[in-house]
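Visitor: Sequence:
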Amino acid sequence: MAFKGGKGSKKMGKKFLVKALIVVFVLFAIIGLWFHHELTRLPPTPAVFVAGRDSTMEESAFFNITTVKYGTSAVVKSLEVINQTVKMGVSTDPNEINWGVVPKGVFVGKTMNLGNTRPTDAKVNIAVHGDIKPFVSVVGGDTFILKSGESKSVELLFNASEIGEYVGEIDVYIRIPKNWLVKSFLDLA
Numbered sequence: 244m245a246f247k248g249g250k251g252s253k254k255m256g257k258k259f260l261v262k263a264l265i266v267v268f269v270l271f272a273i274i275g276l277w278f279h280h281e282l283t284r285l286p287p288t289p290a291v292f293v294a295g296r297d298s299t300m301e302e303s304a305f306f307n308i309t310t311v312k313y314g315t316s317a318v319v320k321s322l323e324v325i326n327q328t329v330k331m332g333v334s335t336d337p338n339e340i341n342w343g344v345v346p347k348g349v350f351v352g353k354t355m356n357l358g359n360t361r362p363t364d365a366k367v368n369i370a371v372h373g374d375i376k377p378f379v380s381v382v383g384g385d386t387f388i389l390k391s392g393e394s395k396s397v398e399l400l401f402n403a404s405e406i407g408e409y410v411g412e413i414d415v416y417i418r419i420p421k422n423w424l425v426k427s428f429l430d431l432a
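First residue of the sequence shown: 244, per our numbering; consecutive thereafter.
Keep in mind that the hints were calculated from the coordinates and are not lab data.
Note that the structure is a prediction, hence the values are computed from the model and not measured.
Beta carbons: idealized from backbone N, C-alpha and C, even for Gly.
Honestly, I wouldn't trust all of these hints.
To be verified - Label pairs and their computed distance ranges (CB to CB): (1) F350 - S298: 23 to 31 Å; (2) K395 - G295: 21 to 29 Å; (3) K390 - S252: 49 to 57 Å; (4) T354 - M300: 23 to 31 Å; (5) P286 - K262: 38 to 46 Å.
Work out the full structure: start from the sequences and follow the hints.
Guide: Quick look at the structure:
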């Protein structure tokens, strides 16, 4: 005897379709949230800052990630020192971002040259950590897309607004998409 579909089988088919659509929607939502997390996460604040320069490479589900860490420091002094010579200056060591000894009230800039030689665009985030953080800003924004074949000079600005000695770390976090689909969503976050 052959099975004949009736009203019950149509209802069952519609219920199955609704359940399947809900499952697909939930899966896409989970993948979307996971992707957004991968696209926007930054390295955690380090417990110990690097001295000089260090770099690491890792893989996530969607990106190849390179993190370049630079130790950073500054000494802010007053120019109102009586009968004493104070040496002022800026370090030129390429392996760290050392602002040197800076007079209070002065802004000092450092330029970081970044280039993308990969065949795909990269998402770049620059994060400042440590007690130097309130005094360092990234001119033009700390998150940007570096197009394939593009070079960019990023200016870091130190505001010597308070006397003291400051240390920390500046991390350059570079995400390279693993495929064209991920690349198409790169500008969203």
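Visitor: Determine which of the earlier numbered hints do not hold for this structure and return their numbers in increasing order.
Guide: When the structure is compared with the hints, none of them turns out to be violated.
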